[in-house]
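Top line first, the protein sequences correspond to chains A and B.
Under the numbering used here, the first residue of the first sequence carries the number 1, and numbering increases by one thereafter.
Under the numbering used here, the first residue of the second sequence carries the number 1, and numbering increases by one thereafter.
There's no promise every hint is true.
[Said to hold, decoys possible] Quick list of the computed label-pair ranges, beta carbon to beta carbon:
no.	chain 1	residue 1	chain 2	residue 2	range
1	B	A473	A	F56	18 to 24 Å
2	A	V52	B	G206	39 to 45 Å
3	A	I14	B	E470	24 to 30 Å
4	B	G155	A	K6	39 to 45 Å
5	A	L45	B	K296	34 to 40 Å
6	B	R25	A	A21	22 to 28 Å
7	A	R57	B	D485	16 to 22 Å
8	A	K6	B	S215	43 to 49 Å
9	A	R32	B	G205	38 to 44 Å
10	A	F33	B	V369	42 to 48 Å
11	A	V52	B	A218	32 to 38 Å
[Unchecked claim] To spell it out: a stretch of chain B is covered by chain A in this simulated footprint if at least three of its residues, at any positions, have a beta carbon under 8 Å from a beta carbon of chain A; those stretches are:
no.	segment
12	2-14
13	77-87
[Claimed, not checked] Simulated crosslink set (PhoX-like; lysine-lysine; CA at most 20 Å straight-line):
no.	chain 1	residue 1	chain 2	residue 2
14	B	K70	B	K308
15	B	K378	B	K296
16	A	K28	B	K378
17	B	K308	B	K296
18	B	K70	A	K28
19	A	K6	B	K407
20	B	K308	B	K378
21	B	K296	B	K70
22	B	K407	B	K120
Worth flagging that the hints you see were computed from the coordinates, not collected in a lab.
The model shown is predicted, which means the values in this text are computed figures rather than measured ones.
Note that the Cβ used here is the ideal one computed from N, Cα and C, for glycine as well.
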Amino acid sequence: MSKIEKIWLGFGIIALAANVAVPFILMKNWDRFSGAFLFWCSTALLVIGAGVYMMFRWGEGGRFPCR
Amino acid sequence: MPLSWLNAGILAWFLVGAALSAKARRGMGSGVIDYFLANRTVGGFVSAMSYSATTYSAFMMVGLVGLTYKGGIASLGFELTYLVGTVFLLVLFAPRYWVAGRRYGLMTPSELLSTRYGSKWVGAAASLLCLVTLVPYASVQLMGMGYLLEGVSGGAFPFWAGMAVAAAITVIFSIWAGLRSVALTDALQASIMLVACCLLVVFIGGFLFPEGWGSAMAARPDLLKVSWPFPMFLGLTLPWTFFALTNPQVVQRLYAPKDIRSIRGMVAGFSVFGFIYTVLCVILGLSAALLVPGLKNPDGAMAALLTKVPRGLALLVVLSIFAAAVSTLNSIILTLSSMFGRDLVRALTPLSEEKELRWGKLLIPVLTVACYAFGSLKLGLIAVLSSMASAGLMAQLPVILGAFFWKRGTSAGAIAGMAAGALVTLALYWTKTNFLGQWPPVWGLCSSVAAFVAVSLVTRPDPAGGDFIETVASDVRRTFWQGQDF
């Protein structure tokens, strides 16, 4: 696993854990859109954005005759 | 909605899909790789739309809307946690599956496990697990259609007929041209799903909540609270978080993109599609709770909501749900068929490629009938059934992770891990036991990890397994991160 993949692994685990824990610990009684709704949307967009950044660092190799 | 409208809409949609299928068939070769993987030549856009349509099923517009209707905003967390998990896993594992597929000529997800662990029985066990657990999940697609058509037609389109029509179309789209047909019709279906969902939300926001959707929600602030018990959230979310690795119908798609650019397009396109579609479906669930409160069956929320919108729009939405169900079902059936031929029949007896393809094609109608029969039983809430199936598949998770990262993992450990995880999950669901308050998937995963590690440590690993791990890691590094060819 490359260094950047290890960073991605750590980031992903933290994002997933936060996605589950934060709304249940901090936002349980927050009955507005600025509560869990906003949190979950923001986390998802952050991870999608970071994922797209990661993928744009991929090269263009991999040409290979199919078996 | 009049029956004639439904019949005409479904017929028109089927004809467009059939035309695409016919087009796909024209370019088809004769081998199994061509049939089940479109000869590994699928482009980025079609890959993205097909992955989206395969992943997002009738569950979204029926099950997720129902779940939101019943339990409020927590369903957004459940579904977006799945999306976050999928993006996270795809960035790490899509390159690995893709290079392994090309390097070792793999066709099914289970075949990767057989190759890595050096035993065809590992792949056979994984395929058997997938066959058993995916039948309920696939049946959910048919049930979704049955409920929806029955609901919107006021009972004129009976439950069994809705399931039968969806099943028949699935067989036709799948058997005709394999993945070429499925991917192309999926792309069409994903477009319909997104457009219909957007139009419905715009109409509801603009015409049914003229004072503004935010103000309307003030009447039900409880819906915006995280009201699910935590064990329920964890029990439903955990299996779905790892869906991208444990569900063979989506894993197999990682073998099909034609190049790295197409994989990038697939993952990025799916991520954007998934986010928009999820948020819209949750908004529809919340809207249904405001507009049609008091339903006994939450899975009927979408059908009830459609009675509030013009018939043309309602028909488009119904077709989009139909498309979502069929696109997921045909992918599952196609993948299971390929696994049956490659990992089960070929594990028992030597088989020519031609015979393997014949076995695979034979299984397409057989599996569809099995799904129809299971769906006819009308077991439980759609969301729970779907999650239960994913929970069973999660027994493969440690074995899959071990395939790429743990050289000490052995074939005996892999079989023991899958068996233990599946049996514990099934037993706990069967007896309706939430041990220590946690749902069965939690204990299923723990058992699977424990059995895999323990049995692996007391058995001898296949030396070729280490070579597999190093070869895949090296290929990923060179092709994806250094831009070299194989």
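What hints, given by number in increasing order, does this structure fail? When the structure is compared with the hints, numbers 2, 4, 6, 9, 12, 16 and 20 turn out to be violated.
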